[in-house]
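Visitor: This is what each chain is made of:
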Amino acid sequence: DAGVIQSPRHEVTEMGQEVTLRCKPISGHDYLFWYRQTMMRGLELLIYFNNNVPIDDSGMPEDRFSAKMPNASFSTLKIQPSEPRDSAVYFCASSYQRDFFSETQYFGPGTRLLVL
Amino acid sequence: AQSVAQPEDQVNVAEGNPLTVKCTYSVSGNPYLFWYVQYPNRGLQFLLKYITGDNLVKGSYGFEAEFNKSQTSFHLKKPSALVSDSALYFCAVPSGGSYIPTFGRGTSLIVHP
Numbered sequence: 001d002a003g004v005i006q007s008p009r010h011e012v013t014e015m016g017q018e019v020t021l022r023c024k025p026i027s028g029h030d031y032l033f034w035y036r037q038t039m040m041r042g043l044e045l046l047i048y049f050n051n052n053v054p055i056d057d058s059g060m061p062e063d064r065f066s067a068k069m070p071n072a073s074f075s076t077l078k079i080q081p082s083e084p085r086d087s088a089v090y091f092c093a094s095s096y097q098r099d100f101f102s103e104t105q106y107f108g109p110g111t112r113l114l115v116l
Numbered sequence: 001a002q003s004v005a006q007p008e009d010q011v012n013v014a015e016g017n018p019l020t021v022k023c024t025y026s027v028s029g030n031p032y033l034f035w036y037v038q039y040p041n042r043g044l045q046f047l048l049k050y051i052t053g054d055n056l057v058k059g060s061y062g063f064e065a066e067f068n069k070s071q072t073s074f075h076l077k078k079p080s081a082l083v084s085d086s087a088l089y090f091c092a093v094p095s096g097g098s099y100i101p102t103f104g105r106g107t108s109l110i111v112h113p
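If you read the protein sequences in the order shown, they are chains A and B.
Its first residue numbered 1, the first sequence is counted upward by one per residue in this note's numbering.
Its first residue numbered 1, the second sequence is counted upward by one per residue in this note's numbering.
None of these hints come from the bench; they were simulated from the model.
All C-beta atoms, glycine included, are put in the ideal place defined by N, C-alpha and C.
Heads up, some of the hints might be wrong.
What the hints assert, rightly or not - When the alpha-carbon atoms are kept at most 25 Å apart in a straight line, the in silico DMTMM-like pairs for lysine to aspartate or glutamate are as follows:
1) B:LYS49 to A:ASP30
2) A:LYS78 to A:ASP30
3) B:LYS22 to A:GLU44
4) B:LYS49 to A:GLU44
5) A:LYS24 to A:ASP63
Unchecked claim - Restraint ranges, calculated between C-beta atoms of paired labels, are given here:
6) A:GLU18 to B:PRO40: 26 to 32 Å
7) A:ALA2 to B:PRO40: 18 to 24 Å
8) B:SER108 to A:SER27: 30 to 36 Å
9) A:ILE5 to B:PRO40: 17 to 23 Å
10) B:ARG42 to A:ARG85: 22 to 28 Å
11) A:SER27 to B:TYR39: 20 to 26 Å
12) A:SER87 to B:ARG42: 16 to 22 Å
13) B:HIS112 to A:GLN17: 39 to 45 Å
14) A:PRO81 to B:ASP9: 30 to 36 Å
15) B:THR52 to A:PRO81: 44 to 50 Å
16) B:TYR32 to A:PRO84: 32 to 38 Å
17) A:LEU116 to B:SER26: 36 to 42 Å
18) B:THR52 to A:GLN17: 46 to 52 Å
19) B:PRO113 to A:PRO8: 29 to 35 Å
Using the sequences provided together with the hints, build the complete structure.
Guide: Structural data, given as structure tokens:
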């Protein structure tokens, strides 16, 4: 398996633009997680899905952020409109079980977002 | 509230020397404690975890961690550092009453040749 795939790897955009981050989980994994990493706040869980259904989005910072998982092999995290404070590295992870601390949770390489 | 603290932003060590990355915790009840590593331009990778049992936990890549209840610490250790160990290390604990993970701020380990 190729692991968790994220695209794009790098994104530079201007304030106010819509940004869409994409994730393909490992085949067969039934949980998908979106994280954000910044120097100021460290690593934060934004939202997670089980069997394509959003379970907990309490970590999503505000209404400008939305996430979808239309099928088992694809998820998107959208920011509209984007702001400079959204600049961060966004990670997607997947696992077989709702276990944030299992060695079976696999992280993607991340998308580095810069909003100018 | 459950939390962990990593008091050092950066640790420098020479290759071949022992390394320690510090983590202290504040939890109610029996703690579950974890270490993750993040290599440059990569996502986090699980290293090891303490649930119960032996205070010395062995993990991936030759790392181990020592759980010390009296000092509320869970320091990450390795007897002989490699340059390839240079990475960002995170200590983590489940947040009280929920499954939301709380990560430490991370410690950058730099191993010099």
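Visitor: Against each hint, give a clear statement of whether it holds in the structure.
Guide: Status of the hints after comparison with the structure:
{"no.": "1", "hint": "B:LYS49 to A:ASP30", "verdict": "23 Å, holds"}
{"no.": "2", "hint": "A:LYS78 to A:ASP30", "verdict": "21 Å, holds"}
{"no.": "3", "hint": "B:LYS22 to A:GLU44", "verdict": "21 Å, holds"}
{"no.": "4", "hint": "B:LYS49 to A:GLU44", "verdict": "20 Å, holds"}
{"no.": "5", "hint": "A:LYS24 to A:ASP63", "verdict": "24 Å, holds"}
{"no.": "6", "hint": "A:GLU18 to B:PRO40: 26 to 32 Å", "verdict": "29 Å, holds"}
{"no.": "7", "hint": "A:ALA2 to B:PRO40: 18 to 24 Å", "verdict": "20 Å, holds"}
{"no.": "8", "hint": "B:SER108 to A:SER27: 30 to 36 Å", "verdict": "34 Å, holds"}
{"no.": "9", "hint": "A:ILE5 to B:PRO40: 17 to 23 Å", "verdict": "19 Å, holds"}
{"no.": "10", "hint": "B:ARG42 to A:ARG85: 22 to 28 Å", "verdict": "24 Å, holds"}
{"no.": "11", "hint": "A:SER27 to B:TYR39: 20 to 26 Å", "verdict": "24 Å, holds"}
{"no.": "12", "hint": "A:SER87 to B:ARG42: 16 to 22 Å", "verdict": "19 Å, holds"}
{"no.": "13", "hint": "B:HIS112 to A:GLN17: 39 to 45 Å", "verdict": "42 Å, holds"}
{"no.": "14", "hint": "A:PRO81 to B:ASP9: 30 to 36 Å", "verdict": "33 Å, holds"}
{"no.": "15", "hint": "B:THR52 to A:PRO81: 44 to 50 Å", "verdict": "48 Å, holds"}
{"no.": "16", "hint": "B:TYR32 to A:PRO84: 32 to 38 Å", "verdict": "36 Å, holds"}
{"no.": "17", "hint": "A:LEU116 to B:SER26: 36 to 42 Å", "verdict": "39 Å, holds"}
{"no.": "18", "hint": "B:THR52 to A:GLN17: 46 to 52 Å", "verdict": "49 Å, holds"}
{"no.": "19", "hint": "B:PRO113 to A:PRO8: 29 to 35 Å", "verdict": "34 Å, holds"}
In this structure, every one of the numbered hints holds.
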